[in-house]
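Peer 1: Residues per chain are reported as follows:
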Amino acid sequence: MPRSTVPRALALLGALLLAACKPSTPAAPQSTASANPPATSHRVAVVISTLNNPWFVVLADNARDRAKELGYEAVVFDSQNDPAKEAQHFDNLIASGYGAVLFNCTDAKGSIANVRRAKAAGIPVFCMDREIEASDAAMSQVLSDNYSGCVALGQYFVKQVGETGRYVELLGLVADTNTWNRSKGFHSVVDRFPGLKMVAQQSAEFDRTKALEVLESILQANPDINAVFCGNDAMAMGAYQALLAAGKADKVKVFGFDGADDVVKSVAEGKIAATVMQFPKTMARTAAENADKYFKGERNFPQRLPVAVELVTADNVAKYGDYGRKGKP
Amino acid sequence: MGARANPDEPRGLPWVWLAGIAVALTGALWVFPLWRVLPLAGSGSVAATVFNPAGFAARFWTETLPSARTKAVDAAVLAVALRRDPAEAARLYAHAVGLGTPYYHVRGTGRVTAVERNVIVVAPEGGDGVTLALETGPIFGNTVRDGTALLNVNDFPSLADFNAVSTELNRLVEERVLPELRRQATVGTRLEFAGCAEAADPAASGPLLTLIPLFAEAR
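Those protein sequences? They're chains A and B, same order as listed.
Oh and the first sequence: position 19 is 19 in our numbering, straight run, nothing missing.
Oh and the second sequence: position 45 is 45 in our numbering, straight run, nothing missing.
It should be emphasised that the hints constitute simulated quantities derived from the structure, not laboratory data.
The C-beta atom is built at its ideal place from N, Cα and C for all residues, glycine as well.
A portion of the hints provided could be inaccurate.
Over 10 Å on every C-beta distance to chain A, these chain B residues come out as not near it, computed from the model [what the hints assert, rightly or not]:
id, residue
1, N52
2, G126
3, L159
Derived CB-CB ranges, DEER-like [unchecked claim]:
id, chain 1, residue 1, chain 2, residue 2, range
4, A, G297, B, A87, 27 to 37 Å
5, A, D65, B, R176, 43 to 53 Å
6, B, R117, A, N222, 27 to 37 Å
7, A, Q201, B, G137, 24 to 34 Å
8, A, G195, B, E180, 53 to 63 Å
9, B, R176, A, K251, 51 to 61 Å
Using the sequences and the hints, build the whole thing.
Peer 2: See the structure below:
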């Protein structure tokens, strides 16, 4: 090959590469909610981050049951905290022609793509409990006011533990905005008291068994803690088990979040200091009712709908049970 | 020795073929690219829409909040309603964002009856002897942000940004209201005040509600 061929070939190769990586034409703006065609399928998919936690089982069951009460065929899909499984569920439900999705995501950012794919296929997504970090993908998001709940929990924490002490924080899934809204609400209070020292902050991924293991490990280096703040109730139960095994359950106060039945009972028994009642039934029913409104032609939903939460302590625990406030739907 | 090129052969002919193939390939790849460069979702407007909670809170404090005071419920009216029927008082005078916590936005004038570590107790004029507390300790939570019903979560980029507004507004209360309130408030002082409180059931004894003060002046 003549020498002059080399630069020419390189130039051609460059041109080919440039062509191969041309910027895509920006995707056309997705149709606005009001432009969506009326839903024709009366099948509702309930996609849940995990069913390995009783709180999410309540969320799933209530979403499914409310959708059925309203006259729809409803099926629950368990993502098992695995974004890949969640994506497969969306592939399946889009291919199967579902009419709406009641959605509890595995990843605030990573799940956005699934919601957008459903939207592009004309399937509205109604998020429950966990936020996706986009305001133009889901039809609406019904979310607990986690920050406020953990502000109240933080204030109670200071009253119970005092203004000096050493504590551990067990975080939930780091990709979930609830994890950080709870942590920030708690720290907005507790960090104002310089005598309260956080000796360890570690994720136990909202999981009871992981919380037990993580706290056992932390206790080896920090045997003299006064309290454990947990980002959910499953971790609070795991932390309590670890403390029980270490003979410290009566010395270290454990704080949770969710209002799970076993923790509400533990608050009543004095094993757990406090939790925060979220209302999974309210969130699930509201999401299902919003889907029903959508099927009937409504397109104007608030993007984010906060749901109040309530601090549960030994003083008021008698008012709570069965994942809610007694006598409250 | 290798064979030499025939000097009689037209030199440009292979390049015509090569160029033709290249053009065809380029066209094919343009239509069916091997990969695409996509902008990250929403990244095009990120720089333009970076949210500044401190700046927002400062503007809200000076430009919006003062005029909203006139829409607050009178403390004496609320106190009487709360004594009569707390649920009805909440229905009439409280407001909530979505299915969130309900709050009262309250204004009034009254005499200071007690000064405690983190609260000042006030008896509103016309309140039939009931008392309200004004918080003077550290300010936490969303009461200031949500109490006036002027801010909507859906006008903010995310819940985290909305929560950051709370932190900034609470800081402004601590910086701009509480020091002067603590200085002025002695037992017997007549105070004009405005503030927000969570619409919880009133306490069985003591002050009916604890307000986070947004404004307070001795009269």
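Peer 1: Give me the numbers of the hints this structure contradicts, sorted from smallest to largest.
Peer 2: Of the numbered hints, 3, 8, 9 do not hold.
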